[in-house]
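Protein chains in written order, with my numbering: chain A, 1 to 500; chain B, 10001 to 11035.
It is worth saying that the hints were derived from the structure and are not from the lab.
Don't take every hint at face value.
What the hints assert, rightly or not - Computed far set for chain B versus chain A, every beta-carbon distance over 12 Å:
| id | residue |
| --- | --- |
| 1 | R10431 |
| 2 | F10671 |
| 3 | V10678 |
| 4 | P10735 |
| 5 | K10982 |
What the hints assert, rightly or not - Beyond 12 Å from chain B on every Cβ pair, some chain A residues (computed):
| id | residue |
| --- | --- |
| 6 | P37 |
| 7 | Y106 |
| 8 | P163 |
| 9 | S190 |
| 10 | S244 |
| 11 | T408 |
| 12 | L420 |
| 13 | I455 |
| 14 | P474 |
Claimed, not checked - Cut-off 16 Å, straight-line C-alpha distance, at most; resulting in silico cross-link-like pairs (EDC-like, lysine to aspartate or glutamate):
| id | chain 1 | residue 1 | chain 2 | residue 2 |
| --- | --- | --- | --- | --- |
| 15 | B | K10576 | A | E249 |
| 16 | B | K10521 | B | E10563 |
| 17 | A | K461 | B | D10838 |
| 18 | A | K337 | B | E10563 |
| 19 | B | K10576 | A | E259 |
| 20 | B | K10587 | B | E10620 |
We treat Cβ as the ideally placed atom computed from N, Cα and C, and that holds for glycine.
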Amino acid sequence: MKTQNIINYKNIFLFIFSVLTVITSCSEEFEEINTDPNNPKEVDIPLVFTSGERSILYKYGRFTNGTDWDLWCGLWIQTFAGNHGNGVNYDLYDILPNASLWDRQYDALNDLKIVISLGTEREAWQHVGASKIISALALGTLTSHYGGIPWSEALSGSENPNPKFDTQEEIYNSMFSLLSEGITDLDKASSITLGEEDFVYNGDVDKWKALAYALEARYRNHFSIKNPSGSATAALTAVDNAKSAGFTEHAYDLIFPYEGADIYLNGYFHLFENNQMIASEVFMNTLINTNDPRKEAYWNTEATDGTVVGYTGKSNGFGTDNASYSPVGPQGFYGKKTSDQLIATHFELLFIEAEAALRSGDADRAATAHNAAIIAQLNLVTPSAIETLTANGGDVSAYQTKISAYITGFASETAGSITLEKIMTEKHKAMFTMNSESWVDVRRHNYDYPANLSIPINDGKAIASEFIQRVPYPEESTNTNSNTPGGVTIFDQLWIFKAN
Amino acid sequence: MLFATLVTQTSFAQEKTITGVISDNKGLPLPGVNILVKDTNKGAQSDFDGKYSISADTGSILIFSYLGFANQEVTVGQSSQIDVSMQEDASELEEVVVTAFGIAKEKNKLGYSAESVDVNKLNDAAENNLVNALNGQVSGVNITDSGGSPSASANIVIRGSSSILGNNQPLFVIDGIPINNNTENGSSSGTVDGTDFRDYGKTVGVNRASDINPDDIASMTVLKGGAATALYGIRAVNGAIIITTKSGSRNQKGLNISLSTGYTIDEVNKFPEFTDRYARGRNGAYSNLTHWSWGPAYANNPTFPANTITDIDGDGTDDDVSGQQIPFFRDNYKNFWQKGTRLNTNISVSGGGEKGRFYVSAGNLNHEGIVKNDTYERTNFTIKGDYNITDKFKIGGMASYSNVNTNSFQGGDTGIGNGLTYWHHMWDINRPWVDSNRDKVWFSDFVGDPNWIINEEGERGEVNRTIGNINFSYDIADWMKLNFRSGIDTYSDQKRLVRPISSVNTTGRLGDMYEIRINNKDITNNVNLSGNFVLNEDLNLSYLVGGDIYNSRYDRLFVDGQELLTKDFFDISNAKTVTSNNLDNNKKIFGVFSEITLDYKSFLFLTLTGRNDWSSTLPEQNNSFFYPSVSGGFVFSNLLNDNDILSFGKLKGSWAKLGNDAPNFSLQSVFARRTPNVGGQPQFTISNRQNNPNIKPELSSAWEIGGEFKFLNNLIGLDITYYERNTVDQVLPIPLTSTTGFAEYIDNSGKVTNNGIEALLNINDFIKNSHGIVVDFGFNFAKNNSEVVEVPEGLEEIIIGYGYWNGTKLVARPGEPYGTFVGDKYKRNESGQLLLDDNGAPQRESNQVLGNINPDWTLNFNPRVSYKGLTLSGNLEFRKGGDLYNDAEVSWIYAGLSQTTEDRFYDASDVNANATRVFDGIIESTGERSTIAVPLTNTYYHNNYNATDENFVEDTSWVRLRTLNLTYNLPSKILENTFVNKVSVTFTGRNLWLDTNYSGADPETSGLGAGNVQGFNTITAPNTKSYGMTVKVQF
């Protein structure tokens, strides 16, 4: 009996003791266990900067199976026509409320916001400045597609799940602030320098400043309808600043450099492979009729399946068919796996100068800039055609003659001969693959330039009674943000394009 | 086993000590038999030799009871020695169920639902996956086999899904230790959730419960949640499947050796319908470029156009086939599938002595499925034993090792599905896929050749798993027993997928590969005290109190190699760019629990449980939560006079509160590495999920009421239950509009309700034939109503997943059941008439509810007929309702191969392709009935018919003969003088007959495998029927 009692007592004691030790060892470890070992809570500024920079710039010329507007609006400026799949749908103005451009840009803007706030705290002014400039560019592209977008209330997570939509005017104001702040920030003494994490300019602060002025020129020029003379003056000032900052050569151009491997293949090369958009007939004919040497630099004579098609374009709105047409890629300036994607160039700046100068009455300056712009772009893209010709044993000197002839014919304007139509028609050709900005130009001039733009015809009927003016807000915004404007159609003209 | 009640008291005069030996009908001693002196609280138990000793008065009655045997009553006479021979009573055996923590309880005393599974039926089911073997056996359990591949995963949900985005599958417990039932897949994150159509192109692995050899199982109980699982805490919020493995038996003469081998063949059980009238092409004309079969009608004897150069025979060289007849091969889809073969061999040895017993088994299962090279091979070894060191101290242990080798293929758009979508009639499905240089001959750069995939690609996997436990129990006192159990479930899972150079669907067709290494470890330590008090002569109290610690660590390394450099070299060093990511999940749950049961005169029972858990995934200030449960039973038939009509009647009811913690790492927002580097530069981006430091646990409350009745002397048994369960405060990622910078944030919200009825009806031996024919019928019926009551404010619904083609969504929408399809419907007016456009073609309305995945009810009929040595048994399942989205059909319509597209229009003059249709509806703009004959063109099918999702949501109601088994046991007379105890031969049939209106393959399928996204039928290996034979010998 006694023995049994002791055992009882001992056992209960042991049990309670072991339970207690187990409890105490547990609670200490809990917090440690629940810290995510796979993802850090904080990272260095340069690493986040690269992510933001990359995600914004990656969206230019991206194929992504029909969800990125920058590439697809090539259909509406009719340098491309729809061949099958989404290419045909968008060519026929059958536009889905996709989100890919939108959500990746805001995701990236969130990364840049973190760089800006951490950078401001730690005085990493170069990173802050560059981030602000990229943010302005992103807003510029977004607003050119969507008009009013969230910005002042955006990027607050669950604290503001229904950010309001700033008006397009407010967005432009924010963009100009970002650009000027960016320029100022780049001049401040910085605790860390921008380096190779900036895979575009490799940390060259001068190039960022030049780019900021060039972007300002671009966006000031957008006000050509709202404020013809004021916008011309402001644009020309920015042009001068950009030029003196060095934005006069290809090394200063804003590009996305493609390595040609993995997911970093040029988007137009992807387009060549899947063939959903193809050369547009009106554009191809223009190149042929004006004996434009860029025909060889832009397009290829062999379709993606190997059929030799020569230089043939498809009519916009035609729909799916069995024939093959000229693709961009896999050679040429724009369509190689390793081709850079151009985003903001020195020759665009010259065209802006030409247009703004003409508007402000300085025809001389306009003509000079116009000629310089064409020559600059030809110098950039024709070498690739010469390379291909040399490799194929073609007639290189005949081609060079063609280039000179074109310059004589089209890049030799004078104050007397220069017109807005010539500037915008040449700009339209030069802005090939920079579709978002080209579409802004086309809409700004009410689809008047180039003159051969017309509403696509399908099966004998025009697909609509007016040209497309914008894309719809993404479905995810309509579904989750109660402040998304409703009743928007693709024919609603954006504020920036209205006289008043 | 019954709990011992061991209390002795001082006795009156004339009391003497009675001793004796209790044996079974074969003369073997029976330990553990309960002896009670009737109308007193004196009791005793027989020891390992069957000997007992008890004090009783002359003239009192001793009651001998033991589970599985008929009770015996013996009056104490002059003799002090009473030996008893107990007779087996099989009907008693079914009354014990194993409940939480391995405690066996008499079913009569339970206030909640717990159903036992007949383990013989598990083995006869000839399924590789234990979960599939359960199908049809238990009411309220909804199991979906995802397809006909040998390593197809199976999804199991008990009483409806309650968690919108979390886990809805029950806990599997083996010998008291919870084990892992993960389903892995070959994506870099380890999850496919249908948010991207490319998810359908990943290989989905098998669910881990299938590693267990069903032959090792002695008993299996399904606890359906609520009070039944309250003791298990968080992990068993959706129910628990309690498995006990075989142990051998004590006091056995010699060894018990069992050997079985079975061979089955499987074939596809249902084919979709195709049209074989049209050749490759577009818009009625042949085209070399296209994947479609919208080409010329074969009835027109079409020939290849001039200058058609194509590799017509798959030899790697192009041929000029201009002017030749376009060849015709039929039944390509049917001919792609072969007959699968499965060989299953098991051997086990068990035995025991006075103090201990052991069980050892080995098994091998080798299965090649209906797709060539799709293989599953599993080898199991198990060893288990227990031993009584002293009368009071018993130790035991178990170790079970499984090795599973698989070779599987991707489905959907990057696997066999894509090529099968488009295989035209002009090629034979058996054509070569490589030429003499082993270079790919397939024409397309975007759609894969299914023959290439099954021969050159393929994900190889190997899993090595060990499940084991050590345990001891110590009788501290008569009324207190200490139990300790420590168990581990650890497995390593390695997978490798190589897609050689020139594989379509790899970037640049340069090939790629991945290697996955997973290590998982689940450790559970459980200590408890249990016992029994007799409070007074009417009232008995039993209790259980204890604690457990659960520690889980999951580590997954995913290494992706892009662009292979050398042909035929399959090592990761052969990849030009290698990126990797690591997922490391760690979790700890600490819990204390207790259970008290009061038993009043054996007819009134009340059980109270309480458990408190602390989980590491919840915030420190809020990481503890408590859940109680109460259940009761009232055996009212004890109050009635003995009668033949109602021999047993019980009312039962229970209520429980359950909780579920948050997923790992929900508290802090983090950055994530984005790969590959850009321009050689690494990047980190802020994760687009915003976490919540104030997250709370999910809470659910469930109650059930029911009754169990036995009529007409146990001829008819009826068990009927009504239940209801509500889950609130679900931890949900609430979508944020992307302009907030995040895609979602974690918060508690949402409410889902499930309620329903389960009924079991057994008719036992109703012929009562004296010639030895025994006929039993068993029915089980279940009906579950699911409703999503609430989702976070401002949201219309929560999207669970998407289908492959059209963007039809599977959602949780308030007012609709969980798992509702939302998509485009035909535009109709209020009277239900179609509203057509000016061309007479139907129009669409988006965002419409199209149906849902839940069946209305299921009824299983399990008959059994036995005569002498022959037994015929089966399972016939009736299912009403439940929709499936026929994504495969969308593919075949797009391709022009579906039977639906047989009526098509190319040109009015083409008599073999000029079908038009006047739609039965009214033209919307005029209000007039339509008389317009709409040509059924290529474009109509692609852009109108295919875009209307309602065309593809089909009802899956079926009648299915799931199993049919004929067993013959050799008569014992033949075996009398041999050392063989028993020989049986079983002919098995699985899924032999299916009757359904569903138009595609067998509707029991799921494109994404086990998980919450069910209901999408994409092109994967279709389900199969099988037949074969098993021979079992026992020595």
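To see whether the hints hold, each was checked on the structure:
1. R10431: With a cut-off of 12 Å, R10431 (chain B) remains clear of chain A, as the shortest Cβ separation is near 21 Å.
2. F10671: Contrary to the label, F10671 (chain B) does not stay out of reach of chain A, its closest Cβ about 5 Å off (not over 12 Å).
3. V10678: violated, 5 Å
4. P10735: Non-interface label on P10735 (chain B) violated, nearest chain A Cβ at 5 Å vs cutoff 12 Å.
5. K10982: holds, 45 Å
6. P37: violated, 5 Å
7. Y106: Given that some Cβ of chain B is not farther than 12 Å from that of Y106 (chain A), nearest at about 5 Å, it is violated.
8. P163: Check fails; 5 Å does not lie beyond 12 Å.
9. S190: The claim holds: S190 (chain A) sits with its nearest Cβ about 19 Å from chain B, beyond 12 Å.
10. S244: holds, 29 Å
11. T408: About 40 Å separates T408 (chain A) from the closest Cβ of chain B, which puts it past 12 Å; holds.
12. L420: Holds: least Cβ distance 37 Å, greater than 12 Å.
13. I455: holds, 20 Å
14. P474: About 8 Å separates P474 (chain A) from the closest Cβ of chain B, which leaves it inside 12 Å; violated.
15. B:K10576 / A:E249: violated, 35 Å
16. B:K10521 / B:E10563: violated, 34 Å
17. A:K461 / B:D10838: Satisfied, since the Cα-Cα distance of roughly 15 Å is no more than 16 Å.
18. A:K337 / B:E10563: holds, 15 Å
19. B:K10576 / A:E259: The given pair, whose Cα atoms are some 13 Å apart, holds under the 16 Å limit.
20. B:K10587 / B:E10620: Distance of about 14 Å is within 16 Å: holds.
Comparing the model with each numbered hint stated earlier shows that hints 2, 3, 4, 6, 7, 8, 14, 15, 16 do not hold.
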